[in-house]
Structure formats: structure tokens, C-alpha cells
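Q: Given chain G, put chain R in place with the hints provided.
Number of protein chains: 2
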Amino acid sequence: MADWQEITGGITAPRGYRAAGITAGLKPSGLPDLALIVSDVEAIAAGVFTTSQVKAACVDYCRQRLQAKHNARAILCNAGQANAATGTQGWFDALESAMAVAQALNIPSESVLLASTGVIGQRIKMDALKAGIPSLVAALSETGSDTAAGAIITTDLVPKSIALETTIGDRPVRIGGIAKGSGMIHPNMATMLAFVTCDAAVSPALWQQMLSRAADRSFNSITVDGDTSTNDSLIALANGQSRTPAIIEMGSEAEKLEAMLTAVCQHLAKAIARDGEGATCLIEVQVTGAQDETSARQIAKTIAGSSLVKSAIFGRDPNWGRIAAAAGRAGVLFEQENLQIKLGDFLLLENGQPLTFDRPAASAYLKQASTGAYLKEDTVLISVNVGNGHGTGKAWGCDLSYDYVKINAEYTT
Amino acid sequence: MADWQEITGGITAPRGYRAAGITAGLKPSGLPDLALIVSDVEAIAAGVFTTSQVKAACVDYCRQRLQAKHNARAILCNAGQANAATGTQGWFDALESAMAVAQALNIPSESVLLASTGVIGQRIKMDALKAGIPSLVAALSETGSDTAAGAIITTDLVPKSIALETTIGDRPVRIGGIAKGSGMIHPNMATMLAFVTCDAAVSPALWQQMLSRAADRSFNSITVDGDTSTNDSLIALANGQSRTPAIIEMGSEAEKLEAMLTAVCQHLAKAIARDGEGATCLIEVQVTGAQDETSARQIAKTIAGSSLVKSAIFGRDPNWGRIAAAAGRAGVLFEQENLQIKLGDFLLLENGQPLTFDRPAASAYLKQASTGAYLKEDTVLISVNVGNGHGTGKAWGCDLSYDYVKINAEYTT
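Respectively, the protein sequence lines represent chains G and R.
1 is the number of the first residue of the first sequence in this note's numbering; add one for each residue after it.
1 is the number of the first residue of the second sequence in this note's numbering; add one for each residue after it.
There is no bait here: all hints are sound.
Any copy will do: because identical chains look the same in the list, a pair fits if it lies in one copy or spans two.
The calculated DSS-like cross-link candidates involving lysine-lysine, where the alpha carbons are at most 30 Å apart (straight line), are:
{"hint": "1", "residue 1": "Lys270", "residue 2": "Lys256"}
{"hint": "2", "residue 1": "Lys367", "residue 2": "Lys27"}
{"hint": "3", "residue 1": "Lys394", "residue 2": "Lys406"}
{"hint": "4", "residue 1": "Lys270", "residue 2": "Lys367"}
Just so you know, the hints here were simulated from the structure itself, not pulled from any lab data.
Chain G on its own, in the form it takes in the complex (with noise of 0.2 Å):
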């Protein structure tokens, strides 16, 4: 079983960081928009960004100064405007963004990270931002994780946080996660920030390594409508004030760590299917006996993307075909002899074949993973063998509702 246990204080919760979340004016709706995240001292940095052709400056930014340097200090999230295809202007804006953090927290610019979220094409708005900064320095706090979580979401229907804490030698060693999501979810990574605090002493290239295989154990394997941002980030910064020895090689101590750094990825990353646009429920497909691990999460993140599975759902039907169907192009080859579906306990299809299982049943099974919103219930399981293979892999979505044509149909730009 999981070799840590979950703690509060979200972000904050690791030692040595302080956050801080205002309303600086950003967004029309007056609620809070501007979030800051400070380590006491330079922690390691790593990140993961969008794979879009189309990017925001932030990330341009970002990747630049993590190809530069190893290490940062802050990581400043403005929600509003994307600052994407914004041109030259953009790049000036994210640049005197970060001099204005910099400044107020007396470190250098290039310490600083950024992120943004909001409508594409729209600038930040710079005065705003500028004149919110001293105010948001001054709120940063020890217990400041939930209102840096707050300042960073758009559509969400929630904040999303967690920590967990586990124990390398005899010396507590801390991981905090926050994330906003919702809309334009898909792997290759979501439209979807997500920011990650550690503890824990560790190499630049080892971190930046289980980043990189976390996020594709949990953002990467999630999807709400196929759609991914221009502004995906995922930065995760380790300031070693656990005191904990440095880990800078693979091996039990290392395991230990990208265990629980997934372990925060994943809960993130399935706090934003479940509040995906329109969504009722949490839908998880696991897929086992294919290939290998990359196999099995391709077909599972094919089912979970799937707009027929994902109405069938919706609407409590126990569709097994589009299961199959969605299965079979994922473009992973298996024998269809093999297949094997269940939803939740039921057993719908078996040597490729259905099977008669009690229909009102499954339906009702379904009726039930979708009430009850967050709690452990609200999830339906999706699992599906493919052969004989050893490789297992899981994705997450969530249902596709009327609300979700609603939300995205609105004139909102």
C-alpha cells in the first residue's frame, strides 16, 4: 500500500515555501486572479509544458529559463488573459512580469517562473498586474496554498489541492500540489496549470526525469474534450528544507519520491476530469494485458476521450460497443479474440464476444457512480484486457453532457 499519508496545507505544506492568491482586476468577474508561490531559498525547478504549436509567451518563457538554469525562486500565475499569440508584446509583458516580482521580492528576475490562464489572444492586462504585485508579496504566508489555488482558476468548479508526506532516512519529507483545469483537457497535456512544491533534496536532471514521468502517469492521461492549451504547465520545485540527504540516482529513496510526486500528479490530474466542463462523473479506464505501459494507456486514453463512450455514460447506458470501438482505433494492435470489458463489477464482453449480464443493473451502477459529486463513489470503472501482455496503464475523463455543449457554445470571447 501507498507509503505516505495525506496531510493538509496543500502547497504550503512542504517546508520553506510561502503562497499568496488577490484579486488584482484581472478577470471581469472581480474574483481573484494573481497567485504567487515562493520558496525561501533557489529550489531545484522542473517543468512540463505544452506541446502545441501555439504558445503562450509564459511558456516560451519558462522553457527558456529552465534551459538556462536549473533553479527558481517563485512562480507567479496570473488567471485572466493567456497572453497567447499575443506576438512580440506578449514577450515584453511576460518578461516585465516577472522584473516586478523580482523587484518586489528582491531576487532575480531570472529566478522567477510564470504561468498564465484565461482567453487566448488577450494581453494581461500590465497595470493591473503591476500594482497588484506589492499586495500580493505582502499576503504571501506560510498557510497561503488555498487562496494561491483559488487565484489560479477560470472555469473550474473548484479549487484543487493536495499533500502528502512520506519519510526518507527518519526525516519527514513533504509534497504539496495545486491545479486549475477544466475545459480543453486532453493529454499532451491539458489546458491545465498545475503547480508542485517538494522538500526534498534531489537532482536537477533526476527531478525534471520523474516529473516527466509522472505527468504522463496522470495530466497526459487525462481528458475532458480532446482540446489542448496553449498554456499547459506543470512546474515543480524541490528546495531541499526537508534536510533530507540529496538524491541524485535512482534507487529505493528515489522510487520513494516520484511514487508520491505521482501520487500528487494523479489526484490533481483526476480532480480535473471530475470538474470537467459539464461533467456528472469521474470515469476511469484501465487497461491491462497489452504491450507495454505506452500500449495500455493509449487505448485507455482513446476509451476515456471517446464523445460516444463518453454520451453513453452520460446518459446510464452500459454500451459496451462503443467501448470496443473506441478500443479498437486506438491504433494499438491486439487480436479482438482477446478483448475483455467490464464496467465496474459487470462483465460485458469476454473472448471478443458479449456476454448477457442484467442490463438494469449495469444502468444502475452507472446511475449511482454518478451521484454523490467527490466523493470516492462518483468514479466509473472501465476495465479492459486486451491479451496477454504485461503492460497496464490508466486514464481518466469524464462524462459529456448537455451542459458542456452549453458552457462552450456561450459567446464568451
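A: Only chain R this time, still in chain G's reference frame:
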């Protein structure tokens, strides 16, 4: 301009073909559900089939037949049961269907091709099918295209049919086609059946090459919901009854024939996209400036398939940001500073940056484009330029409406 004219007659417009569609009692609705297309003589036969790992028995059957022999006399299509995920019994049902048709027509069963559409996991109602075949054969007619077109549809709102005529040498050559589509439509192939008849004489290898290229530029470039089915089949016959010289290699006559074949396939593909479940309009995406045709088409398909773009069009929202984001995640490298986006005649983005445009007028264009179903004007045109390359490509889709969710969330299996 086009080197052909539209004529009436559908798949029975080319010489030497008869067709029929009847109600055999396969569909619960009592609507026509069994169609037959027959060539007076052995015709060259080519096919393009689903790439899914989960394939219907008819797909395996046709693939095997066409590998062994490049000719056919007849195509039998049933609607109501997909005969997919039906195991060995489904395979026997397919063989028995072919034999029943062969016997009634007094032709070898190797000359019969098959297609099925309907509910996955359900066997064909063989008693009803076999009982219907004598009436089906008796109903065959040189003007029977419309009855066949009406018997292959499922959730389609309208039958889809076309015939074009050109001249090769001094003699007329004709190509006709019918199709069914609607939900589950996606590149590689759609849940889509299309049958094409041609009276030119052409070599088997060339006819297959032409059909594969035409499929890439038509059926493989449409998307309704990203789901590819177990039964997708495009079958094309060429029976030489135009009495024109045999076309055995590429050249001006072959190009003329391929262009007309592509036009027939594109007409049917667009009709399928326009008739997508819940669709209120056709979306045509034209991409220019890419490195090659494949890259351009990949970007076009990603835009046409984006749930966010589709929702925005349904909401009559000129949301260039979602178009830019979809282009960016298509998996094709380009410089975002080169990106240009037009919606109809409205230039929304140039050099990767948004322009000021008449937003109410652009929204009015979307409103206007969505009215008058099945007129030329109900097409929303999205034009995207990604650079200075010579690659161009098109894709077609439809908007995402409440009705899509409604249709697909109904408890139908």
C-alpha cells in the same frame, strides 16, 4: 474547372448496374434495411476498410475476398445489425449471406461483397435476411439507386447519392455513389458505408490506388465525433460497360477518371458530415502553406474535429483562439508567427496575432451559414495558412450541438 457534369441516377447511372432496397424486417423500425447492387458483368472491385482492431465480419470477409480476387458482381448491405463482435458465428452468418445472394443471382459466392451497419454485438437476423433475398433480387432495377440508398441508412436524416459524367475519348463515362454516415464519423474511416459504381474499364491495381487516394481526400477527411467504427467500408466497382479503352496506367485519362472519382467521394463525404448527428451546419476547413498535403490535411482534420471549435460554431462565436489552439496541437510543426486564420471573408488572425474585426458581422456570418440546410450557403468556411509551403488540404466536419449529446446519450443498445 470541373471536367464533368452532375447527372441523375446515382449508382445506377453508370451502364450495366442494377440496384434495389427493400424492407426485410431487420430494423425494429420497419424501415428499408436490405440493399443490393449488381453489375451485369464481373467488375473490377476495390475497397478501403476500417483500420480498427475490432472489425465486423463483413470487413474481414471483403478483405479476404478482395485479396484473392479483384472482381465482384454484387454488394449486399444490411442495416440494423452490425455483425461486429459476434465471433465465429458472425463469420458464418456473413458467409451464409453471401451464399444466399449468390444462389439467387446464380453467380459464384466469391463474386459477392458484403457490408453491414447497425448495432455492434448483434448478429444479423438471418431468417429475415434470407427470406428477403428473393424479393430483393426481384426488385433489382436500372433505376433502383434511390431505393438502395434508402435501405443502407440508419440514423441518417437523408439518403446520400450522386452521379457524375465525363467523356473519355468520345464516349461518356459515369461514376455513381451512395453512402450512409451520421454519428461516429472520423478519419480512418468513419462509421460510414459508401458504394461507388463506375462504367470505365480500368486495371485492378490502378483502381485500388485511385480509390485509396480519393478516400484520403474525402471520407478520411471528415469527422463528426472522432469515433471510428468497426464496419467502415468503401467499395468501388468498375465494370467497363462504357466500352471505353482500358485505363491501365496514370496519364491524362486516368487523372480525369480519378478526379471524378474523388469528386464523387467528396460529395458523399460532405453530405455525411453535414448530416452528422445533431449538426446544424457543415464546417469546411482549408489549410494552405504547409510542407505537404498530408500535413495540411492533418491540421485541417484537427480543427474540424475539435470539440471546442465545434461548440463555438454552434454558438455562432467567431472564436479564432480555439481554431489557433487546435491548429497548434495537430502534431505538425509550424511557426506561430506565420499563422493566419479566416472565417468566411473575415480575417481574424495574421502573423500569429489577433486583428480587430467586426465581431457582430462575423457572428452574423456564422448564423447565416447555419441556415438553409442542404443549400450551398450552410457551409461555414475556416481558412488557415501556416507558412510558405505548397501543401494544401481540406477537411469537413459539423458543429457540436445539444442534440448530439441527446442522440448519443439515449439508451439505445
